[in-house]
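Chemist: Listed here are the chains, written in short residue letters.
Number of protein chains: 2
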Amino acid sequence: MKKIAILGTGSVGQTYAAKFITLGYDVMVGTRNVSEKLADKSKDGYGNPSFSEWYSANNAVKLGTFKEASAFGEIILNATKGVESVNILKLADPSNLKVKILIDVSNPLDFSKGMPPGLLPELSNTNSLGEEIQRTFPDLLVVKTLNTMWSGLMVNPLMLGGGDHNAFICGNDSNAKSIVKEIMKSFGWSDKNIMDLGDITGSRGTEMYLPLWLRIFGTTGKGAFNIKVVS
Amino acid sequence: MKKIAILGTGSVGQTYAAKFITLGYDVMVGTRNVSEKLADKSKDGYGNPSFSEWYSANNAVKLGTFKEASAFGEIILNATKGVESVNILKLADPSNLKVKILIDVSNPLDFSKGMPPGLLPELSNTNSLGEEIQRTFPDLLVVKTLNTMWSGLMVNPLMLGGGDHNAFICGNDSNAKSIVKEIMKSFGWSDKNIMDLGDITGSRGTEMYLPLWLRIFGTTGKGAFNIKVVS
Chain F
1 MKKIAILGTG SVGQTYAAKF ITLGYDVMVG TRNVSEKLAD KSKDGYGNPS
51 FSEWYSANNA VKLGTFKEAS AFGEIILNAT KGVESVNILK LADPSNLKVK
101 ILIDVSNPLD FSKGMPPGLL PELSNTNSLG EEIQRTFPDL LVVKTLNTMW
151 SGLMVNPLML GGGDHNAFIC GNDSNAKSIV KEIMKSFGWS DKNIMDLGDI
201 TGSRGTEMYL PLWLRIFGTT GKGAFNIKVV S
Chain B
1001 MKKIAILGTG SVGQTYAAKF ITLGYDVMVG TRNVSEKLAD KSKDGYGNPS
1051 FSEWYSANNA VKLGTFKEAS AFGEIILNAT KGVESVNILK LADPSNLKVK
1101 ILIDVSNPLD FSKGMPPGLL PELSNTNSLG EEIQRTFPDL LVVKTLNTMW
1151 SGLMVNPLML GGGDHNAFIC GNDSNAKSIV KEIMKSFGWS DKNIMDLGDI
1201 TGSRGTEMYL PLWLRIFGTT GKGAFNIKVV S
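These protein sequence lines map, in sequence, to chains F and B.
Quick note, the first sequence lines up with residues 1 to 231 if you use our numbering.
Quick note, the second sequence lines up with residues 1001 to 1231 if you use our numbering.
Treat the hints loosely; a few may be bogus.
[What the hints assert, rightly or not] Below, simulated SDA-like cross-link-like pairs (lysine to any residue); rule was C-alpha separation at most 25 Å, straight line:
hint, chain 1, residue 1, chain 2, residue 2
1, F, K228, B, N1156
2, F, K2, F, A71
3, F, K90, F, D110
4, F, K192, B, V1230
5, F, K192, B, G1163
6, B, K1228, B, P1117
7, F, K81, F, E68
8, F, K228, B, G1218
9, F, K19, B, V1230
10, B, K1043, B, S1011
11, F, K100, F, E68
12, B, K1181, F, F217
13, F, K222, B, T1126
14, F, K43, F, G223
15, F, K228, B, M1159
16, F, K228, B, G1188
17, B, K1113, B, K1222
[Claimed, not checked] Sample of chain B residues with no beta-carbon within 12 Å of chain F, all distances over it, derived:
hint, residue
18, M1001
19, I1021
20, N1175
To be clear, the hints were calculated from the coordinates, so they are not data collected in a lab.
Glycine is no exception: its CB is placed at the ideal position from the N, C-alpha and C atoms.
Looking at chain F on its own, in the form it has when it is part of the complex (with noise of 0.2 Å):
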């Protein structure tokens, strides 16, 4: 049973450990402070349940420190929030990384600035949170991809339009990404609809379209629709 770990606790690590347990894989969700999180019983703002009552009905999930998740994970998937996330890596500590690849479906929203939230400035135009975990973590297999839609989508893209549009996706390493496919295979992403941009400098084109798709989810008030590449 392949052993996975997903970082951060949000709507997003809770689709991936929930399509991940589907899968047959061995999960671990990893979060800062274990107790502290199931003692917490809030909304998450957007009217869904808290992570305790998520926990509690997806018993087949482990839960464990960031540091410990890292280190159970054979692939780690990085669902952290952006402006966090290097943080947090550093947390799961680097001897726990090396060499693992690390899917990274995050985006470096900046929320300080008010909403609809922009980029991180040091995290945009002329860098990406992408490379800037590559280059904190240089031993890590860095691949970017499915952080341009909404998670639900990610792990299920059939539910639109027969699966037809697209999923984006770099990384420094061929081997990493061929392996991250497949398992976007699994999800039900078709070879021809996942575009390789190449390495991780890939990351600022896909991020950078986040302000576009909040835009439009804005305008629609519908998060399930994504971008198909016509040519």
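With chain F held as given, fit chain B onto it using these hints.
Modeler: What follows is chain B alone, placed relative to chain F:
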């Protein structure tokens, strides 16, 4: 005959000028210095003919200074480099801009940090070129549109996928947007494929999409593509 001013003599300006002539408009292209522009025989860096060569083959097009073109046009189209747009519009003389529609198809690309360009930090995340123009010239009716694709496609959407892909439009004045939509329909855009993103702050999203556009272009080598929103 409707009079339109095109600010900018690059390939985007040329594409619009030629298109508006075929649609029966009276077209004046605006440039900084008419005699210098006509004397300049250099190619554009992409192997396209010089402006003066293009201009002698398109003799229905008038040529004037930014100020003359802005005074001439009932509608003005900004096809200048984003980094220069606000200063060029100041040269156009604000008294020529009052209560006119300005169609802004430009992007605030920042070529100063190497290739591929990001966006100018002061015109991204919490601002945009569309907003900056609107803020600087409050009487102007700024409509941001068509900046998310190659210029050939802007004026000829039917060349791709039967025209079934999206253009975005935003601006503070509904009537101005309606007039610009009619122009877009005359290019071949169908009403259902023109997505209205609300007020001019929607420019942030469409401009910040550019790094993804550039990355897809850089990876595929094909500029003739666009995105379709699947929902």
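Chemist: Against each hint, give a clear statement of whether it holds in the structure.
Modeler: Status of the hints after comparison with the structure:
1. Using a Cα cut-off of 25 Å, the hinted pair K228(F) and N1156(B) holds, with the two alpha carbons roughly 19 Å apart.
2. Restraint check: the Cα-Cα separation between K2(F) and A71(F) comes to about 13 Å, which is no more than 25 Å; the hinted pair holds.
3. With a CA separation close to 20 Å, the supplied pair K90(F) and D110(F) stays within the 25 Å bound.
4. Taking the CA atoms of K192(F) and V1230(B), the gap is near 16 Å; set against the 25 Å cutoff, the hint holds.
5. With a C-alpha separation of about 21 Å, the suggested pair K192(F) and G1163(B) falls inside the 25 Å cut-off, and the hint holds.
6. The straight-line distance between the Cα atoms of K1228(B) and P1117(B) is roughly 24 Å, inside the 25 Å bound, and the hint therefore holds.
7. A threshold of 25 Å between alpha carbons decides the hint, and for K81(F) with E68(F) the separation of about 19 Å falls inside it, so the pair holds.
8. A distance of roughly 17 Å separates the Cα atoms of K228(F) and G1218(B); the hinted pair therefore holds under the 25 Å criterion.
9. Restraint check for K19(F) and V1230(B): satisfied, since their Cα atoms lie roughly 23 Å apart, inside the 25 Å limit.
10. For the proposed pair K1043(B) and S1011(B), the alpha carbon gap of about 11 Å is at most 25 Å, so the pair holds.
11. Restraint check for K100(F) and E68(F): the C-alpha separation of about 15 Å stays at or below 25 Å, so the hint holds.
12. Proposed proximity of K1181(B) and F217(F) is supported: the alpha carbons are some 21 Å apart, at most 25 Å.
13. Between K222(F) and T1126(B) the CA atoms are separated by roughly 23 Å; this keeps the pair inside 25 Å, and the hint holds.
14. Only pairs whose Cα atoms come within 25 Å are accepted, and K43(F) paired with G223(F) is accepted, the gap being roughly 20 Å.
15. For the suggested pair K228(F) and M1159(B), the alpha carbons sit about 17 Å apart, so the restraint of at most 25 Å is met.
16. A hinted pair counts as satisfied when its Cα atoms are at most 25 Å apart, and K228(F) with G1188(B) qualifies at roughly 20 Å.
17. A threshold of 25 Å between alpha carbons decides the hint, and for K1113(B) with K1222(B) the separation of about 24 Å falls inside it, so the pair holds.
18. Distance check for M1001(B) against chain F: the nearest CB is about 34 Å away, which clears 12 Å, and the non-interface claim stands.
19. The non-interface label for I1021(B) is consistent with chain F: the shortest C-beta to C-beta separation is roughly 28 Å, beyond 12 Å.
20. Listed as outside the interface, N1175(B) is consistent with that label: its C-beta sits roughly 19 Å from the nearest C-beta of chain F, beyond the 12 Å cut-off.
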